[in-house]
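There are 6 protein chains.
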Amino acid sequence: MFEMLPPMVHTLIDSAIEEDLGRGDITTRLTIDPNAKGSGRLVAKRPLVVSGLDVFARVCERVDPEVEVAPRIAAGGVAAAGDVLATARGPVASLLMAERVALNFFQRLCGVATLTRDFVERLPEGCPTRITDTRKTTPGMRYLERRAVIHGGGHNHRLDLSGGVLIKENHVAAAGGIAAAVTACRAGAPHPLRVEVEVRGLSELLEAIDAGADVVLLDNMTTAQVARCVQIVAGRLFVEASGGVSLDTVADLAAAGVDAISVGALTHSAPAADISFLLESVTDAPPRS
Amino acid sequence: MFEMLPPMVHTLIDSAIEEDLGRGDITTRLTIDPNAKGSGRLVAKRPLVVSGLDVFARVCERVDPEVEVAPRIAAGGVAAAGDVLATARGPVASLLMAERVALNFFQRLCGVATLTRDFVERLPEGCPTRITDTRKTTPGMRYLERRAVIHGGGHNHRLDLSGGVLIKENHVAAAGGIAAAVTACRAGAPHPLRVEVEVRGLSELLEAIDAGADVVLLDNMTTAQVARCVQIVAGRLFVEASGGVSLDTVADLAAAGVDAISVGALTHSAPAADISFLLESVTDAPPRS
Amino acid sequence: MFEMLPPMVHTLIDSAIEEDLGRGDITTRLTIDPNAKGSGRLVAKRPLVVSGLDVFARVCERVDPEVEVAPRIAAGGVAAAGDVLATARGPVASLLMAERVALNFFQRLCGVATLTRDFVERLPEGCPTRITDTRKTTPGMRYLERRAVIHGGGHNHRLDLSGGVLIKENHVAAAGGIAAAVTACRAGAPHPLRVEVEVRGLSELLEAIDAGADVVLLDNMTTAQVARCVQIVAGRLFVEASGGVSLDTVADLAAAGVDAISVGALTHSAPAADISFLLESVTDAPPRS
Amino acid sequence: MFEMLPPMVHTLIDSAIEEDLGRGDITTRLTIDPNAKGSGRLVAKRPLVVSGLDVFARVCERVDPEVEVAPRIAAGGVAAAGDVLATARGPVASLLMAERVALNFFQRLCGVATLTRDFVERLPEGCPTRITDTRKTTPGMRYLERRAVIHGGGHNHRLDLSGGVLIKENHVAAAGGIAAAVTACRAGAPHPLRVEVEVRGLSELLEAIDAGADVVLLDNMTTAQVARCVQIVAGRLFVEASGGVSLDTVADLAAAGVDAISVGALTHSAPAADISFLLESVTDAPPRS
Amino acid sequence: MFEMLPPMVHTLIDSAIEEDLGRGDITTRLTIDPNAKGSGRLVAKRPLVVSGLDVFARVCERVDPEVEVAPRIAAGGVAAAGDVLATARGPVASLLMAERVALNFFQRLCGVATLTRDFVERLPEGCPTRITDTRKTTPGMRYLERRAVIHGGGHNHRLDLSGGVLIKENHVAAAGGIAAAVTACRAGAPHPLRVEVEVRGLSELLEAIDAGADVVLLDNMTTAQVARCVQIVAGRLFVEASGGVSLDTVADLAAAGVDAISVGALTHSAPAADISFLLESVTDAPPRS
Amino acid sequence: MFEMLPPMVHTLIDSAIEEDLGRGDITTRLTIDPNAKGSGRLVAKRPLVVSGLDVFARVCERVDPEVEVAPRIAAGGVAAAGDVLATARGPVASLLMAERVALNFFQRLCGVATLTRDFVERLPEGCPTRITDTRKTTPGMRYLERRAVIHGGGHNHRLDLSGGVLIKENHVAAAGGIAAAVTACRAGAPHPLRVEVEVRGLSELLEAIDAGADVVLLDNMTTAQVARCVQIVAGRLFVEASGGVSLDTVADLAAAGVDAISVGALTHSAPAADISFLLESVTDAPPRS
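Chains as they are written, first to last, in the numbering used here: chain A, 558 to 846; chain B, 558 to 846; chain C, 558 to 846; chain D, 558 to 846; chain E, 558 to 846; chain F, 558 to 846.
For the record, the hints were derived by calculation from the structure and aren't laboratory data.
This one's a predicted model, so the numbers in the text were calculated from it and none came from an experiment.
Among these hints, one or two may not hold up.
As a list, the in silico DSS-like pairs of lysine-lysine whose alpha-carbon atoms are at most 25 Å apart [to be verified]: (1) K594(D) - K725(C); (2) K725(E) - K594(F); (3) K725(D) - K602(C); (4) K602(E) - K594(F).
This is chain A alone, in the form it adopts within the complex (with noise of 0.2 Å):
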């Protein structure tokens, strides 16, 4: 039903089940007849991009495999507050023992899907803009923290600090300017990589230009000064815009013109999706021998 979840999610999933269900679940125990079988829907309470549903039957699956979760809306899809995202049935201690640790996954990636969504929207009509992550994301979360951005409509930045280069204003300094910077990276760096080069100025921006950098990043700059750095590019370069951007400054920093602006919020300060697993029907079902 899902793609492949990479082994590190594997991993992480474990750690989280572990660190809330490793000792067992004592109420539940004593209340619960481990017979009884039930069913429950997980339901949006406020709007929401969906991301993660895998990552929550995973770990409905890892703690009952007979746990089934039926997803209604596929991921990158939105939800209104009310709508059932998704069902689950199995026995009622299962689900009790594995809903926070699923819902822990999944509010969270929603969230981050939905924080993306807010900010493309702001984005004019028809601009083409793209709104990216950046390796600000949640410990152990990256992959899936990324794919969220993909299912909210933004797109990825360097996945990881060799999934591009990215030449900041510490390294200009220590290869002796960024001429020296662009140029050792050309070299050096595999070629399935871009070069990219934080600029500061108008200056670094044609020394950048000259040496034959692939991307600039026009960092904290006012949209005035985006907007003249935009047009001296001319279409030249790949020109992204970060800094501090919110939801009130992304559309002002698009409509200057850049070809992608980096928000570390998306991942970073996303706060989680306010979802609901209500169980309901239970049932007391024959043994499960």
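Given the coordinates of chain A, assemble chains B, C, D, E and F onto it according to the supplied hints.
Leaving out everything else, chains B, C, D, E and F in the frame of chain A:
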């Protein structure tokens, strides 16, 4: 310098390093002299409560044991905008490689501590009500986030499903009523644990008291309802309130006389604290030999 | 068929398989037809209480998913000498390879359950005193051994250092007295936990009661001393006794009126249960293809 | 100070720490000054053979690298009741946190070493018979328990299913007889391994000798039967006896002239050694800074 | 369909998937319909011996349980150029994602099996000499490579440092001579192991025989020297030769009458077998739902 | 002394130690005085390029922190036959135990670096063509092997499936043509990545250029075909050639003017470098205490 970090935290730190640095840092390799030494400062860009400097230090040490981190503010301390939280010294390449992963942990933990303090500070002066966390924590980070809540002046709820008995609506239904559920848990739970039960109204509250519950949870009640329950309990049980509590509503709820208010947002929706790592005074030290 | 096993248990199972089977079973490879199927019976050679058949089954399944284990006696059930506890069917080579590792878990867990029941059965009839375990468990097996104690009719003490507050002599000394220690713990511990304190005499007992302790631990007292303490407590607190309790002394201690007796030997010195796996009815089935 | 511990042992140590300390030690946090230093002594409460002090030290070091453990008796040494086995110094909080986990390993390993020596000492004086262990070890602890057997004066049997060829009844049946099984193993087993075969009587013994077996295993025979077999073998093969050997029966069996007696109880049923950790001389040292 | 793979192999498979697929397959995500199904054939491009199809299948299954691998040639079988080794069916995206990692294992293992057979086939007809591997294996792959040697018609040497006694020059020097070293090992080694000793000349050979060694290792001797040693041994011990043996020299060495020739190159320098995975008959199957 | 090794490398090192040393080194235990100290030299027996001395050192340190490894030649340096690459000092037993595992890593990595240099040295003088690796690496060792390629003077291709876009024949077919595939990837791939596409002839090459590909891969073309493609590209794109390139054919291919030649054999078929560890100057040092 710091207290023990549990093995699971070390594992998560390694996962976080693996996901950012596991294939290497191409830009740093191509631009930074491996013998260059430098130092940097961790600076608060907005007011915050410190939590997780030991994790920051551990990430750095794992990337390169030669990096030394010297804290300036103890865990639980409050920093103003501009305050230096710690300094770090070592090979420049290692500082640049470790920075992002270390900050991803540290900014999140300071964020949790800071939001907790925000809640605590809303309490009426002298009010003994506890602000507590919940099990709605980031997968893999529960230990660290729980500690951050304490650093922020909050208290912990049960740490996992074995660290307390909490009978919720589904357990009550399955056990055949509050009295039956409480009795079963009193008989079977480890004696170091109290028995807490969620009640939805006065009759359930009275049933819980009669059955010998130690703690009652008032979920999603109005402040008036809560006050009425507190009055009935009259100090015989510990009273906890929960359900969508915000910075705006926490003071009224506390004033109603509950012993504790649990707030999921402390861990599931705290924005990352705004912290910069500023690298400076780079010197071309002699070779590391 | 069985309840969830936490991730740490799966990891230990894999370690146990690795240490016996990780380089292969040379004898079986050279003598057993890989297509031969067979079945075997797990037989109790002496009376025992069953615990850990799910672990036995999990080891087999991990060695070869084609092996099927069918339990005959539920966890907590009592077997007489000669009783069949379970049957297993599958490739003969896999049965031979899995047998020893699976039994190493199963015999130990039945041993713990059986010794627990021995203690419980020594209690005077109708006596409400609990027999509880301690933290003196086999490294890596705490979850399984705690469960075995329950299967044997015992109760669990705190599951780990976070699952209860237990103030011992060193804590008292460091905190500056029983009252100070109890007060600090009442103020700072998670509210789902009771506060337990070890006392060495009557004056300490009275101090503990006054300070608001929920549970007292009477360590290494004579039965007479214990009885005197129980009289003083008069039901106001939960009373636990511990210290070198044996099958010979447990009844008297219980008769003194304590609520619980904790016994380290349940987990640190239970002899392995005597169980055989008898392979039979080997048939040269058609190739597994 | 100590020999290498294999990676799997480090992993088990981390699991054991995780299961006791992974959520923190609430009592210690609330009562012990983190700057207080202290020292303690490991004391034998009954006579024992020492094994596993390096594991004790490793647990302490993993909890806090500042804890220093100084052994007083080498591995394999015998301690009388009251003897100090080692001292430990460091932060009091860390000593209290590490104590139980470290003792859980150490008491078990001393227990195995001590029981082994008990068996060895029952042998007739000058008797060359080996007391060996079996594969009936505690899951995850095989390396440590095997080492404890050596510390107790015993010998190891094959360490795992790849560390020796041992043809049992099922292998014989599947291979079509002892001769066929032995021949197959001689032809296919790695040449550094001997071929051992279990025999149930004289005719099988003769068949094993003819087929070129290097070792025979006499399982569950009477002492008289064993003596008869030894006489027939006449030094041509190595003779091992096994099967429910106890401290009461081991001397007779050895006197019958076997080369080795394997005893499962050494590892599956050794009671934990009785050892205390006594904390003393607590001083409020200056801050750890 | 296949035999058990030890836990360490599963761990290595996950590591290999993590290092190639852990951040996702961007190209496949952007170009392949997730619902498209297809099938492919594993084809030998040059003659080879098959080993590791189960690992190939396991990698595929771990990437996507819907992928089914059907072997056409059993382990140890010989394939001609153009032969189909196996077929695989499943989602096209999953086949493309798993292909490279699965082949990286499979090509290496077939390479080892094929080189082993090359050595075995150089032996004089009817020659009983064994070709054995060494401990010079690829980190993490020892189990798989040892198995591949068997598939290629070779034999295994000791599997690890515990799976045999092999006294080398440094051990002899430290122990004070061959006799002392052999005697110490005969006295202390587990009885399922033979004692092997490396000798550098005739006098050492005689000393080894006298001391009761079971096996001698002739390292880096000329064929003439080896023949002389074999003559002296006269069948009393097992004789192994080693040291830079190549396809050109193996026949002469075997003809000199040694029982085994160990060849490090089998595992440390076998070139990868030339195998292609050809994807075909792609169909746009209905959604996976 | 050395750069950071990623967590996955540490894990592999532990696995390699576990598989050789996890059950102990019986021979060394029985023959070597644990207090004896010694030193040894790593010597190149044939010319080679150095790579992986830090891994060699890490293995030794993990076996025994008292072992000190002092490199004599830096990574990427060339050694002649007889050159000393490093020295190691420490307990003799630890040196003997660590040697084989440490060499298994080191010989392989030097082998990769050496073969890479062999290819690079075949290039026409002054030729700017890159020799690059592929994803055909040893499971678990990709990071280390990629680094060895750089040490040998080569370049890296994409590090994993997320570190570059490479559209192959199957992707083209599924996407409905080269133009469609390139367009999809340009629209959806992270902007730090170039888009590379495999072409099988001139018309596909032109289509790729028109669609905006950044890199073209010419797979298995004749040198003449390659030269024709280079002429058409005329510097507008980066041109890579691949497919069964050998030391004999690499010069001609480079002369055809391609920007890069990727060679799978660098990592999948490099023979181990010939390196010895010679232990010497053993002294009976005073006890390690």
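| query | Taken at face value, is the distance from the CA of K594(F) to the CA of K725(E) at most 25 Å? | reply | At roughly 17 Å apart (the allowed maximum being 25 Å), K594(F) and K725(E) satisfy the hint.
| Proposed proximity, K594(F) with K602(E) (alpha carbon, max 25 Å) | Since the Cα atoms of K602(E) and K594(F) sit roughly 52 Å apart, the hinted pair is violated (cutoff 25 Å).
| task | Below or equal to 25 Å on CA atoms is what counts here, so check K725(D) against K602(C). | result | At roughly 20 Å apart (the allowed maximum being 25 Å), K602(C) and K725(D) satisfy the hint.
| query | Do the alpha carbons of K594(D) and K725(C) lie within 25 Å of each other, as the hint requires? | reply | holds, 17 Å
Checked against the numbered hints given earlier, the structure breaks only hint 4 and satisfies all the rest.
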